[in-house]
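2 protein chains.
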Amino acid sequence: MSNTREKIIELADQLIRTKGFNAFSYADISAPLDIKNAAVHYHFPNKADLGIAVIEQEIARLNDGIHQWKKLSPDARLKKMIAIFQQRYKQRTICLVGSLTPDYDTFSPAMQQKVQEMCKGILDWMADCLEEGREAGNFSFEGDAYDRALMVMSNLMSSLLYSRVLGGNIFGRMSKQLSKDLI
Amino acid sequence: MSNTREKIIELADQLIRTKGFNAFSYADISAPLDIKNAAVHYHFPNKADLGIAVIEQEIARLNDGIHQWKKLSPDARLKKMIAIFQQRYKQRTICLVGSLTPDYDTFSPAMQQKVQEMCKGILDWMADCLEEGREAGNFSFEGDAYDRALMVMSNLMSSLLYSRVLGGNIFGRMSKQLSKDLI
DNA sequence: GTCTATACCTTGATAGAC
DNA sequence: GTCTATCAAGGTATAGAC
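If you're matching them up, the sequences are chains A and B in order. The numbering used here puts the first sequence at residues 73 to 255. The numbering used here puts the second sequence at residues 73 to 255.
Incorrect hints may appear among the rest.
If several chains are the same, the list does not tell them apart, and a pair holds so long as it fits within one copy or across any two.
Unchecked claim - Below, a list of computed lysine to any residue pairs in the SDA-like style, where the Cα atoms sit at most 20 Å apart:
no. : residue 1 : residue 2
1   : 248       : 199
2   : 162       : 177
3   : 152       : 221
4   : 248       : 177
5   : 192       : 239
6   : 252       : 218
7   : 108       : 207
8   : 143       : 245
9   : 248       : 213
10  : 91        : 178
Don't read these hints as lab results, they were simulated from the structure.
Given only the sequences and the hints, what does the whole structure look like? Please build it.
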């Protein structure tokens, strides 16, 4: 029954995006949900378990997207991905990759593996999208599709980081330019 | 006399790049230097003071670079910047922007301002370099030079993050491709 | 400038009742 | 599944001697 578990994951997701994994505490979770920290520990014995659950939810969402967007053209799929980041931009939050990869060395092996899995999944998806788009004549770019995927995801991730720090419509400018570059 | 202050800054710089600002402690500083944590507090009353000193050192280094490279061609200057990131890649450390911007919201106003100053300085420098290079015929790219600077710095920053998580020569591939894209 | 000593708080985590 | 109660450990920071 308990959707407390899901509420905890959702809140932890938000906290990771705003404060970072190492800066949020069980109290940051339990207080807003009006429960005690022991209740959080019931669902997630330790913090790494919670972190892993958050990443797994993100991976599941990515897989959902991959499935739902399967019939779309490569450039429509790219637009969908950019739209996800635009949502984050409006909320002034960052992406999980941008939040978790800098702290990678402080994570447990199990959590490191999940971070790796998430990064690989997103990059593989983007590389496929770009390669297919290039073959279909939707995109035009030089070099390996995977390298290009690294650059596109890197720009999307950083646009959120820079936006929070520098203000202005950095996200809009970067996402527009990276789209243009692919035509 | 005491160069303890500088040793503390250097060590803190290293720790920020590996564990992140919120994950390292005064003990991480005092133990390797064989001093007590009170001695660290003597030099830096609170943690934000230390963080600010680290960022100021980075800004000073950037300004040194700007000064020393003034006579170099734009593409030689770009190569110098890439070389700095290559060094970080070899050390498996990340850049300060990549480490500090995700945790931005957890910082004191004074430290946030320094992070902002650092980001602006690097981006302005890169934008000038690119614009000058384009005018001189060294570089060729579409759009605003500042937007391009955002994308170049974003790629350099992310190449270090991805390299640590995914292994392989991601830095080499990304830096090579971004250089090619500017020709 | 560095030490000893310590205050005070927050943290992640556990035991056992309900 | 959630609570009360509690814990040990580690965190930042300060006071005062040397």
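Structure-based check of all given hints:
no.	hint	result
1	248 <-> 199	both (19 Å within a copy, 18 Å between copies)
2	162 <-> 177	between (30 Å within a copy, 16 Å between copies)
3	152 <-> 221	within (15 Å within a copy, 25 Å between copies)
4	248 <-> 177	neither (33 Å within a copy, 26 Å between copies)
5	192 <-> 239	between (30 Å within a copy, 11 Å between copies)
6	252 <-> 218	both (18 Å within a copy, 16 Å between copies)
7	108 <-> 207	neither (55 Å within a copy, 62 Å between copies)
8	143 <-> 245	neither (28 Å within a copy, 31 Å between copies)
9	248 <-> 213	both (16 Å within a copy, 15 Å between copies)
10	91 <-> 178	both (15 Å within a copy, 6 Å between copies)
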